[in-house]
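In case you want the letters, here they are:
Protein chains: 4
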Amino acid sequence: MAIFNNKNKDERELGFGTKNYNSRVRFLSPDGSINVHRAGLGIGNIDIYHWLITTSKLNLILVIILGYITINFAFAGVYFFIGPEFFGGLDSYEPFQQFMNLFFFSAQTITTLGYGHIYPIGNAASIAAAVESLLGLLSFALATGILYGRFSRPKAHLLFSKNLLISPYKTGKAIMFRIANPKQYELIETEAGFTITLNNPETKKREFLNLKLEISRVNFLPLSWTIVHPLNEESPLFGLSKKELLERDAEFIILIKAVNDTYSQTVYSRKSYKPEEMIEDVKFKPLVPEVDKRGRLRLTVTDIHHYDVVN
Amino acid sequence: MAIFNNKNKDERELGFGTKNYNSRVRFLSPDGSINVHRAGLGIGNIDIYHWLITTSKLNLILVIILGYITINFAFAGVYFFIGPEFFGGLDSYEPFQQFMNLFFFSAQTITTLGYGHIYPIGNAASIAAAVESLLGLLSFALATGILYGRFSRPKAHLLFSKNLLISPYKTGKAIMFRIANPKQYELIETEAGFTITLNNPETKKREFLNLKLEISRVNFLPLSWTIVHPLNEESPLFGLSKKELLERDAEFIILIKAVNDTYSQTVYSRKSYKPEEMIEDVKFKPLVPEVDKRGRLRLTVTDIHHYDVVN
Amino acid sequence: MAIFNNKNKDERELGFGTKNYNSRVRFLSPDGSINVHRAGLGIGNIDIYHWLITTSKLNLILVIILGYITINFAFAGVYFFIGPEFFGGLDSYEPFQQFMNLFFFSAQTITTLGYGHIYPIGNAASIAAAVESLLGLLSFALATGILYGRFSRPKAHLLFSKNLLISPYKTGKAIMFRIANPKQYELIETEAGFTITLNNPETKKREFLNLKLEISRVNFLPLSWTIVHPLNEESPLFGLSKKELLERDAEFIILIKAVNDTYSQTVYSRKSYKPEEMIEDVKFKPLVPEVDKRGRLRLTVTDIHHYDVVN
Amino acid sequence: MAIFNNKNKDERELGFGTKNYNSRVRFLSPDGSINVHRAGLGIGNIDIYHWLITTSKLNLILVIILGYITINFAFAGVYFFIGPEFFGGLDSYEPFQQFMNLFFFSAQTITTLGYGHIYPIGNAASIAAAVESLLGLLSFALATGILYGRFSRPKAHLLFSKNLLISPYKTGKAIMFRIANPKQYELIETEAGFTITLNNPETKKREFLNLKLEISRVNFLPLSWTIVHPLNEESPLFGLSKKELLERDAEFIILIKAVNDTYSQTVYSRKSYKPEEMIEDVKFKPLVPEVDKRGRLRLTVTDIHHYDVVN
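Protein chains in written order, with the numbering used here: chain A, 1 to 311; chain B, 1 to 311; chain C, 1 to 311; chain D, 1 to 311.
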């Protein structure tokens, strides 16, 4: 790549802009998430539903537990302020225990459990309890929506090979990576897009170039798929060396689009490779699925990472 | 635009019809909502679910609270009509307080709270309570659906630059505006359509013309995207002046289509600019994202409004 | 149409097959539903969720009420069989009233209301109540799903003009009909397909022919859209008369596809016209939206039916 | 097929790879499910939501019942450990019966039924009950999501004819099969893809070849659709015999894509035929829908299997 293969450049507008960013910033994290933080609108940048849908399970459980404690604490305070004498069955004259019992009464009210061994007496206490039970139902409706939203979110947990390979291909070479669907659901109509972004020392700009694939679409993805960009004269990377890609701070960006046919949802999966993750003069070990006892082809998906050295 | 550039007109059927409407009516509100009220079918024009999904949070909360009070009031009336003597635990011989206690009993029934310190005696009271609790469950099912529907509604809260700019472009000029996605979710496969509608003084009709974009599609939208219509000889607006656009009551109509990849939903965003919002002889200030402490590119989305004067 | 315009036939496979059906059977009902009953698999033809989602509100309410009564009746029977003495608070020694009270206890259990003035004593009664409350929660989960499914179902309640018109068009004639969206939500990217099916007396077969539209797609549909098939030499119906269409038992089939942008759902609307609904030598009355007090264009959607006689 | 019709091969990348698998393994099961088991990630291969959505009704009911018993057993254990003296209304001094009553108390708590004849006394018991009722609400939210997910899952229960037929077609022959939609919902925009996979004895590889269809798309599918691959000179199977297909372990793979217009969902249906299921010198019996009492066309969908012998 001493001479950058300009005549074959198919510059692609990816939406990142073409400014010459400080190098050493990765556009996509290795897991495919876009490495950008958008600010400027304060809380207007935050979409609370998005956060609840995409945060970790642990975070969600913490939010639910803390929310439950806080709201019961708040209502226990309201009930205590109204007066413990307006609640039947409290069974205590000690203020702390009265507060605790009102806390439990609140929990029994917000979940619409309502044992009734503690119950409101008089209008103020009854109104507060009526408000809390409505709030409980609505919170529960929200929780139902959030749990369903998390569960039914489009999924494409694709497994990508750890490395990009430069392998022999026909009479020349090609850049290759492999993907597999590790899950039980099927992906169909799978399409791949392959792009490179790298600095152009002449224009001092960052360029985004489309890399043509041998095959860019498969109908099914039951086993694995080796995605191949031939390094022939049509490639903008013809004559590339790994060293030059490192110098130009290149980043390979992959977008996979497929249909998850259990839910008929179009799903997207992104991946980024840096030149450090490229290996030269190797080729992928063929995957040979065995036939298992039940007569099915058995694929060990983690085998997609394996490669052999080529002499 | 003394001579309207007829040979390059790509008249576009947008669905607004081509009647010469009373001028000074905006087709789209600045926020992108279509400025049309459809009547003629009475309540047949109203889709209650649509209203509940799209109305403001405040309206929804008011509807829920008023509905809750009304329905409890109605059932309290039914219970009072059946007779306070058919309810155990009412603890009062004063009619107003009896009614209030039946109101609270209704609230405890419709939320399926059921403390039980007040309870129905006899068939009429028990049947009414059985009906109310079923109604409560179904109302709650509806509320769950509505809250989920609001939360999971496709979202494309795009930020558009406040102004349309006429900026230098190559050897001539171009109309430009900028968009950014202010939220945490990613938009992919973003497409833009750009149209102008304006009066034609010769035909006395309103015309809708397609304005060709330099690039009409980007794969990602992590930062901002400047959308450019070159004012070259191919443009129907070649030779335009802001004054003429004002006279012809022009309106620029933009439709952005993208995929929100958290939900794999295709989302749409509309925007309208009037010539009053155009600024000549300026250009957008470049957006230079910084790298923040966590190694991410940081974009201040509100910077998309900024421009510099061009000499 | 004395000579059937064979050279322009663009025969279209609609999926109805091309057998010469007994004439006088309409393929589509006037409301667009397909007039076919599929049998042969017994209850395997029935999709219960589909029925619950698409049946009338009245049917759904009846199913819910009857289901509620039936299930409470059944559980009351179980409880009565276990023995009224195993229930505290029954307050009656009269078997019918005991049964009624167990019926109310069942209603309080299945809705998880649980006042507790009636309560199970002993293992058999407690187990039955535990089963019923689980069943209640699951039924309610189903009801939530069904109500949400009904509410969120894709909607395209298009209004079609009552008649197909044969109107003057340029130097000749055209078949026209008009559609409008009567609802508050917006339809975008609206596409129309127009087909005719009619008997061919020569081949004794039923033919399906595509009718080309002047414009088959609009970006928005805020007002109305007049859909036009020009009866020029390219039309397979060039030279048609209403009388011949009646003799050949023609049926016009329309499929409209649009995106409801509140939900980003692709929605479909079908419509069928018979030659009896065609009117010759008329043209649609132009729709002139007024500007209402709030500055919006106001369209009376039912005006799309109106036409004027042409001399 | 003595000479394999190489010049017309349109080799198709289906995503199965092109290795020469042990023959006698079917890629698709007769019901269309892909006959592959993916392993290598341990429980990382398992998607619990997918399993709950796609498992049989019986499995789901078993999971719910066992889960309900287990969780109540666990909480009964916790309550018993806290001490039966901390629960009012237990009405027993016998440990086993105390445990049983705590089991029923647990069931009344997790369903938020809360009769209240048994109730917690003191902080430990009240906290445990507050936790259980929250857990109950969340479990119920999950159950709602799973039941809705199962119900609303995209469906295309297509019926395929039992056999692939080699039938006379124009002046030659064609491979044909028939499909029908047995359900009440309508399928529109139905598309078919037809592929064959077979061993190539020369290259020792498995090939995937696209088989061109006479018509590959229909707008509606109210009745049946006969899908036809003409065995003309353009077909890679021109000159085929059933015997050779058997020797090469051929498998016909069909992918049908359609829109279920009740839910506007794109749905997929797969089917595989082996040469053993081919019948030569027959043709499908025409399906003649009758008109039923309500004026609808009546189709017996199971008639799609029937064929007549051709002389």
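Hints are not guaranteed to be accurate.
No farther apart than 25 Å at their CA atoms in a straight line, the calculated lysine-lysine pairs in the DSS-like style are these [said to hold, decoys possible]:
1. B/Lys293 with A/Lys205
2. B/Lys170 with B/Lys293
3. B/Lys274 with A/Lys155
4. D/Lys293 with D/Lys170
5. A/Lys283 with D/Lys173
6. C/Lys170 with B/Lys204
7. B/Lys57 with B/Lys212
8. A/Lys155 with D/Lys173
9. A/Lys204 with A/Lys170
10. A/Lys205 with B/Lys283
11. A/Lys204 with A/Lys155
12. C/Lys173 with B/Lys205
13. C/Lys212 with C/Lys274
14. C/Lys205 with D/Lys205
15. D/Lys205 with C/Lys204
16. C/Lys212 with C/Lys243
17. C/Lys283 with C/Lys173
18. A/Lys155 with D/Lys162
19. C/Lys170 with C/Lys283
20. D/Lys155 with D/Lys205
21. B/Lys212 with B/Lys283
22. B/Lys162 with B/Lys212
23. A/Lys243 with A/Lys173
24. C/Lys285 with B/Lys204
25. C/Lys243 with C/Lys293
26. D/Lys173 with D/Lys162
27. B/Lys285 with A/Lys205
28. D/Lys283 with D/Lys162
29. B/Lys170 with A/Lys205
30. B/Lys243 with A/Lys205
31. C/Lys293 with B/Lys274
32. D/Lys285 with A/Lys173
33. D/Lys170 with C/Lys204
34. B/Lys274 with B/Lys173
35. C/Lys170 with B/Lys205
36. B/Lys57 with C/Lys155
37. D/Lys162 with D/Lys285
No lab work stands behind these hints, which were simulated from the structure alone.
How the hints compare with the structure:
The hinted pair formed by B/Lys293 and A/Lys205 meets the criterion: a straight-line CA distance of about 24 Å does not exceed 25 Å. Proposed proximity of B/Lys170 and B/Lys293 is contradicted: the alpha carbons are some 37 Å apart, above 25 Å. Annotation: proposed proximity of B/Lys274 to A/Lys155 is violated, straight-line Cα distance about 42 Å (limit 25 Å). With a CA separation close to 37 Å, the supplied pair D/Lys293 and D/Lys170 exceeds the 25 Å bound.
The straight-line distance between the Cα atoms of A/Lys283 and D/Lys173 is roughly 45 Å, outside the 25 Å bound, and the hint therefore fails. About 19 Å separates the Cα atoms of C/Lys170 and B/Lys204, which keeps this hinted pair within 25 Å; it holds. With a CA separation close to 39 Å, the supplied pair B/Lys57 and B/Lys212 exceeds the 25 Å bound. Pair hint A/Lys155 plus D/Lys173 does not hold up; C-alpha atoms about 44 Å apart against a cutoff of 25 Å.
A hinted pair counts as satisfied when its Cα atoms are at most 25 Å apart, and A/Lys204 with A/Lys170 does not qualify at roughly 35 Å. Note on A/Lys205 and B/Lys283: the hinted pairing holds, with a Cα-Cα distance of about 20 Å set against a maximum of 25 Å. Between A/Lys204 and A/Lys155 the alpha-carbon distance is near 39 Å, which puts this suggested pair outside the 25 Å criterion. Restraint check for C/Lys173 and B/Lys205: the C-alpha separation of about 23 Å stays at or below 25 Å, so the hint holds.
Between C/Lys212 and C/Lys274, the direct Cα distance comes to roughly 18 Å. Compliance with the 25 Å bound is thereby established for this hinted pair. At most 25 Å may separate the alpha-carbon atoms for a hinted pair to count; C/Lys205 and D/Lys205 exceed this at roughly 47 Å. Distance hint between D/Lys205 and C/Lys204 is unfulfilled; the C-alpha atoms sit about 50 Å from each other, more than 25 Å. Note on C/Lys212 and C/Lys243: the hinted pairing holds, with a Cα-Cα distance of about 22 Å set against a maximum of 25 Å.
A C-alpha spacing of about 10 Å is found between C/Lys283 and C/Lys173, which places the hinted pair at or below 25 Å, so the restraint holds. Of the supplied pair hints, the one linking A/Lys155 and D/Lys162 is violated, its CA atoms being roughly 34 Å apart against a limit of 25 Å. Among the hinted pairs, C/Lys170 with C/Lys283 is consistent with the structure: their alpha-carbon atoms are about 13 Å apart, no more than 25 Å. Pair hint D/Lys155 plus D/Lys205 does not hold up; C-alpha atoms about 35 Å apart against a cutoff of 25 Å.
Note on B/Lys212 and B/Lys283: the hinted pairing holds, with a Cα-Cα distance of about 20 Å set against a maximum of 25 Å. Pair hint B/Lys162 plus B/Lys212 holds up; C-alpha atoms about 21 Å apart against a cutoff of 25 Å. With a CA separation close to 17 Å, the supplied pair A/Lys243 and A/Lys173 stays within the 25 Å bound. As the CA atoms of C/Lys285 and B/Lys204 are separated by approximately 19 Å, the hinted pair is consistent with the 25 Å bound.
Taking the CA atoms of C/Lys243 and C/Lys293, the gap is about 48 Å. The hint is violated against a cut of 25 Å. Taking the CA atoms of D/Lys173 and D/Lys162, the gap is near 19 Å; set against the 25 Å cutoff, the hint holds. Restraint check: the Cα-Cα separation between B/Lys285 and A/Lys205 comes to about 17 Å, which is no more than 25 Å; the hinted pair holds. The straight-line distance between the Cα atoms of D/Lys283 and D/Lys162 is roughly 13 Å, inside the 25 Å bound, and the hint therefore holds.
Distance restraint check for B/Lys170 and A/Lys205: the Cα-Cα separation of roughly 17 Å lies within the 25 Å cut-off, and the hinted pair is therefore satisfied. The suggested pairing of B/Lys243 with A/Lys205 is violated, with an alpha-carbon distance near 38 Å, which exceeds 25 Å. Restraint check for C/Lys293 and B/Lys274: the C-alpha separation of about 21 Å stays at or below 25 Å, so the hint holds. Straight-line distance between C-alpha atoms of D/Lys285 and A/Lys173 comes to about 55 Å, which puts the hinted pair past the 25 Å bound.
Taking the CA atoms of D/Lys170 and C/Lys204, the gap is near 19 Å; set against the 25 Å cutoff, the hint holds. Note on B/Lys274 and B/Lys173: the hinted pairing holds, with a Cα-Cα distance of about 19 Å set against a maximum of 25 Å. Taking the CA atoms of C/Lys170 and B/Lys205, the gap is about 17 Å. The hint holds against a cut of 25 Å. Of the pairs offered as hints, the one joining B/Lys57 and C/Lys155 holds, with about 23 Å between alpha carbons and a cut-off of 25 Å not exceeded.
With a C-alpha separation of about 13 Å, the suggested pairing of D/Lys162 with D/Lys285 holds against the 25 Å cut-off.
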